[in-house]
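**Q** What follows is the residue order along each chain.
Protein chains: 2
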Amino acid sequence: MYDFHYYNPVRIYFGKDQVNQLKEAVAPYGPRILLVYGGGSIKRTGLYDRVLSQLREAGKTVFELPGVMPNPRTEKVYEGIELCRRENIDFLLAVGGGSVIDCCKAIAVGAKTDRDFWQTFFINGEPAADAIPLGTILTIPATGSEMDMSAVITNWATSEKNNYDSPLIYPRFSILDPTLTFTLPKNQMANGIVDTMSHIFELYFSPPDEDNVTDYLAEGLLRALIRAARAAMADPTDYDARADLMWTSSVALCGMLNNGKKTDWASHCIEHPISALFDVAHGAGLAVVHPNYLEYVRSCAPAKFARFAQRVWEVDPAGKSQDELAVEGIRRVKAFFRELGAPATLAELGVGEADIDRIADLTDLSCWSYKPLTREDVVNILRMAL
Amino acid sequence: MYDFHYYNPVRIYFGKDQVNQLKEAVAPYGPRILLVYGGGSIKRTGLYDRVLSQLREAGKTVFELPGVMPNPRTEKVYEGIELCRRENIDFLLAVGGGSVIDCCKAIAVGAKTDRDFWQTFFINGEPAADAIPLGTILTIPATGSEMDMSAVITNWATSEKNNYDSPLIYPRFSILDPTLTFTLPKNQMANGIVDTMSHIFELYFSPPDEDNVTDYLAEGLLRALIRAARAAMADPTDYDARADLMWTSSVALCGMLNNGKKTDWASHCIEHPISALFDVAHGAGLAVVHPNYLEYVRSCAPAKFARFAQRVWEVDPAGKSQDELAVEGIRRVKAFFRELGAPATLAELGVGEADIDRIADLTDLSCWSYKPLTREDVVNILRMAL
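Protein chains in written order, with this note's numbering: chain A, 1 to 386; chain B, 1 to 386.
Since the hints were made in silico from the structure, they are not lab data.
One copy or two, either will do: identical chains are not told apart, so a pair holds if it fits within one copy or between any two.
Keeping only pairs whose Cα atoms sit at most 20 Å apart, straight-line, the calculated DMTMM-like set for lysine to aspartate or glutamate is: (1) Lys304 to Asp240; (2) Lys16 to Asp3; (3) Lys304 to Glu210; (4) Lys112 to Asp90; (5) Lys23 to Asp3; (6) Lys304 to Glu324.
Here chain A stands alone, though its shape is the one from the complex (with noise of 0.2 Å):
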């Protein structure tokens, strides 16, 4: 293992109505809350009523930000920042998935300064000196960004869809009760689906290769996700299925499986841009990107992705050699993402190859494990994926 430094101080409240500690949770904070959600789904199913009455309850002063979309625009985080500064405001309560999480954590830290918090964080990276404290109550397990530090903005004008990270933007505390993820059509959970099994690729398709216990801990976690998948595909009712579901996006991304590996990223990097460009859902770009993403490493970690085949799909590894290992193990990726009924093609995401060197051109190449990232590399694994 490399050297590593860990630290994760996200408070989580797990199951079912735990919505009813969200009195307790906030009580520490400030009297005035902004309240953060999407298109308005949180009114249909009663969280919202929920909510509101657990932060009467505390006797906190409520105001709303609404209207938080997938991909969440620089505009949405201005208009959040404006409206703190404005209402003085003491803790942000993000309801949603990850990208009201994120538009949160933007707030948050651009409330806190006099500069332009897209130039300051996401472009220059520059680390925050304050930030107003925030909490989650979770509906789409998906970013794992309810315990990370991490939030990822889009720029529409630029088509830049950057990351910034801080501790100081962990969630005080998160919610996370899995009947909430009842409701959700299929699509948004294949797509949460492919996202957390993407990110714990990112983690584990990483050098150190030798044994390690965070290949160990990611090969559990990938296991789990893939028997809770199938159970949750199959009765989106079921609790079980749903809990790990919700609990292995959390884990995925909470800092355990990163301790001592060098991490990879590449995927989200080749991603980002088709989500800025197109405004397709994260999740669904990743379906399409990262199995052609590792079959075009593959070869650089042979004996990894033969493990990966025999550890985490069970391939019997009786008159195979490592190559054919390999190349089973990724077909079982593309062959569950099917069987999600996840996009495999670019063109299921309406991109074309008169595309890909936009893509190309803005593509991150800082992030690579394996193999550094050429814009060639880039070019074709896009290729491979039309």
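Could you slot chain B onto chain A? The hints should help.
**A** Chain B alone, transformed into the frame defined by chain A:
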């Protein structure tokens, strides 16, 4: 999965020479530091000098409490509490294994109350209102105390070995340098490996047993532990194996493997009076008790024990009944402990049939998961271990 709350704010510095992070790690705390350690091996290895040099560079005034022994005792805790009060200590730094850390934790809460620490916390289990902050530098991977909120202290006068939990005694940081364990004697290594495995068993062998993320993580961790243990026993300076052993012992008790599980602790409850009465190493006691306990409760969860054999020990299920698989899994545990050179019988600990009643009298019967243990059950398990 059952509902759960998870929170673990320990900051981990992992890797070679991470002791050099100490100056930065203690910076946020007050100037008066109490250094707590054991029998003096840290002076022989040079660690003591490195620690003092870092603390001096950080501008701290250092006080010392040496001589904490295995199965740390109330007397040492009282001595530490007295010292903290007299010298107005701001921060406790434990340098050693689980005994030193646990002693530190008991001092941390004891020094902040006017009442008797043993009666208040370790007998009554009252929640602590305050604690002196503490950090650790780990030298023996085993108890997981470096990343949990528990302390175990022995009262020699009453032959009680009791546990206390409080979020206030989470270490603020723990420094884990695997090279510090290169010089550990083989029997201490073996005890640490058994202790770590036993912790994972206490969490894994408990409801729920239907598929859940936490069990998959536990299986991954057990596999990593078995591999690393064999490699480190063969070559004590195998850095990767030592790193895996060290990190596995921390992850085992950081809370991740408790999430959504009932958890057991019966083997620990039976072992504690053995340590308290006969002053045997905790890991040695567990090596004797735990396999027999598993054998005793096996029939309560046959499918789980069969799964354990296949997933952890890779036992081929072909032609084997569920019961045969379960038996084989436990046989592998016993063989593994023997391979490490750990004791297998009470006789090897100097404990005879005549001692069984005293041990059973002192066993806390409130711990159980598959089976509510009676005093008679404890006697039966101990007889199996003769």
